Amino acid sequence: MATVNVAGHDIDVNEEGFLTNPAQWDEEVAVQLAEQIGIDELTDDHWKVIKFLRADYADQGETAQLRRTSTMSGVGTKELYVLFPKKPAKKMAYVAGLPKPKGCV
Amino acid sequence: MKRLLVLGAGTAGTMVVNRLRPKLDEGEWTITIVDEEEIHYYQPGFLFIPFGALDPADVVKATREFVHDGVEVVHAGVELVDPENNTVTLADGRTLEYDELVIATGTRTRPDQTEGLLESGWRDTIHDFYTFDGAVALHDKLRTWEGGRLVVNIMEMPFKCPVAPMEFSFLADAFFREKGMRDRVELVYVTPLDAVFTKPIAAEHLSHLLDEKGVHVETDFYVEHVEPGKLVSYDEREVPFDLLVTIPVHMGAEFVAKSGLGDELNHVPVDKHNFQSKKFANVWAIGDAADLPTSKAGSVAHFSVDVFAVNFVEHVHGRPMPEKFDGHAICFVETGNDKGLMIDFNYETEPLPGKYPIPKIGPFSLLEESKINHMGKMAFRWAYWNVLLPGRPMPMPAHLTMAGKYQSEGA
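Chains as they are written, first to last, in this note's numbering: chain H, 1 to 105; chain Y, 106 to 516.
Mixed in with the good hints there might be a few duds.
[Unchecked claim] Label-pair restraints from in silico Cβ distances: (1) Y/H321 / H/V4: 51 to 61 Å; (2) Y/H321 / H/N21: 18 to 28 Å; (3) Y/G285 / H/T43: 35 to 45 Å; (4) H/A7 / Y/N442: 16 to 26 Å; (5) H/G76 / Y/D316: 31 to 41 Å; (6) Y/E332 / H/G76: 16 to 26 Å; (7) Y/H378 / H/Q24: 19 to 29 Å; (8) H/D45 / Y/D160: 20 to 30 Å.
[To be verified] Below are the DMTMM-like pairs computed for lysine to aspartate or glutamate, each with C-alpha atoms no more than 25 Å apart in a straight line: (9) H/K78 / H/E15; (10) H/K86 / Y/E309; (11) H/K91 / Y/E283; (12) Y/K304 / H/E15.
Treat the hints as calculated values from the structure; they're not laboratory data.
Since the model is a prediction, treat every value here as computed from it, not as a measurement.
Virtual Cβ for every residue (Gly too), placed ideally from N, Cα, C.
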């Protein structure tokens, strides 16, 4: 656990850098977090995914996995791999300021 | 008269009716259980069939044999639940009314959900062992297979018995060694996760074991489609195979989706501590059919029913539910050569090393190979048919206990 300053906000993160308090997130934080993992620009499609994840988390209390995200956000899995290359499930949760999805054991 | 209607006569459904029948007054409650299958499969046994360690006949019995007197058994498929009107329509057109409904129709493999899987050599170069037919077909295949690259792959999370694909790899290593052809077999384990298991301490122990047995691991591989002889991921990587043993996408029953009761995989969203549907107070889902954030496993069904049976009786008498399910799961993990290890965990506590005490039988060693763990796993089949399904008490608490477990400092 550590506190770091991102986009002028103090945010609490875990050892992997994921926010531990989703309430400390805002869109400016998202832009910075995205830059840190090599996503230089957040497009409308990125925001569509991020907004779905935030709303779904608020509703469910768990971070959505890939299949849930692609089924419910309307952004296909292939596209998620383009938007958040290599590890979309982890990366999109990271940018959205949510816990890493659990993988459901 | 009130009616408790249970859909599905698998592990969870059978235990629910058998536990509740003695607790609910026969003058007040009828209990009906619905399942289209007349055969009850001992699913943990499927793993052993491909290697000839169990015979197909060892894992099947008649469903009706296990259901207590005083429970009505209906053999029919389920078409639709109408939770607004408390009715269930069966595939044969009959309609059943209920006061309380328990959905225990499990989760099933859906090879049709992955493009190309059924068209690229199904039951020839592509096999599964999560179905009875699949396990038997794979046994025939392995008997004459001459070697090559054997890939075990997981298509999607969650799937039943999350350690089974690893156990399959361990047993395959031992099997080919015994046949004197291990040098002609390359074993590869392909997972969409970033590690071999979702919980870090267990993942470390298990990945060490895979390494020891010469199983190559490919992580973060989420399959987009299958072609003859290769898996292709969304990020356009390829894994070639001579023989694929796949764990297909798992989904709950179709009627769950049609009835508006499911999530994107047709599992029923429920309160993870008491199994009550998030939408309807008189609908419950238990066992693999539920969307609980823990393993889809027989042990979870067992511990869930321990909690559910107590709660349900209080609930129908208008009293608060006293018990909370903690997500407890126990898995025996076969590691080959008549050894096994055991993992024990819940929603909060990941699998830890140490000992698992069971009066008169244990202790079993956690996260460490031993012969007694293997014997425990093999003996469990007897206990399943004779103790668990009939609803007799097992000497294991429903909730996780920390007795015997080691925790590292600061954990």
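Verification of the supplied hints:
As the Cβ distance of Y/H321 to H/V4 is approximately 37 Å, the hint placing it in 51 to 61 Å is violated. The hinted window of 18 to 28 Å between Y/H321 and H/N21 is violated, with their beta carbons roughly 39 Å apart. Take Y/G285 and H/T43: their Cβ atoms lie about 57 Å apart, and the range 35 to 45 Å is violated. The hinted window of 16 to 26 Å between H/A7 and Y/N442 is violated, with their beta carbons roughly 55 Å apart.
Distance hint check: the CB atoms of H/G76 and Y/D316 are about 35 Å apart, consistent with the given range 31 to 41 Å. Hint check: Y/E332 to H/G76, Cβ distance near 20 Å, so the stated range 16 to 26 Å holds. Range check, Y/H378 to H/Q24: about 28 Å between beta-carbon atoms, so the 19 to 29 Å window is met. Distance hint for H/D45 and Y/D160: a CB-CB separation of about 53 Å, inconsistent with the stated range 20 to 30 Å.
Between H/K78 and H/E15 the CA atoms are separated by roughly 29 Å; this puts the pair beyond 25 Å, and the hint is violated. Straight-line distance between C-alpha atoms of H/K86 and Y/E309 comes to about 22 Å, which keeps the hinted pair within the 25 Å bound. Restraint check: the Cα-Cα separation between H/K91 and Y/E283 comes to about 44 Å, which exceeds 25 Å; the hinted pair is violated. Taking the CA atoms of Y/K304 and H/E15, the gap is near 15 Å; set against the 25 Å cutoff, the hint holds.
Comparing the model with each earlier hint shows violations of hints 1, 2, 3, 4, 8, 9 and 11; every other hint is respected.
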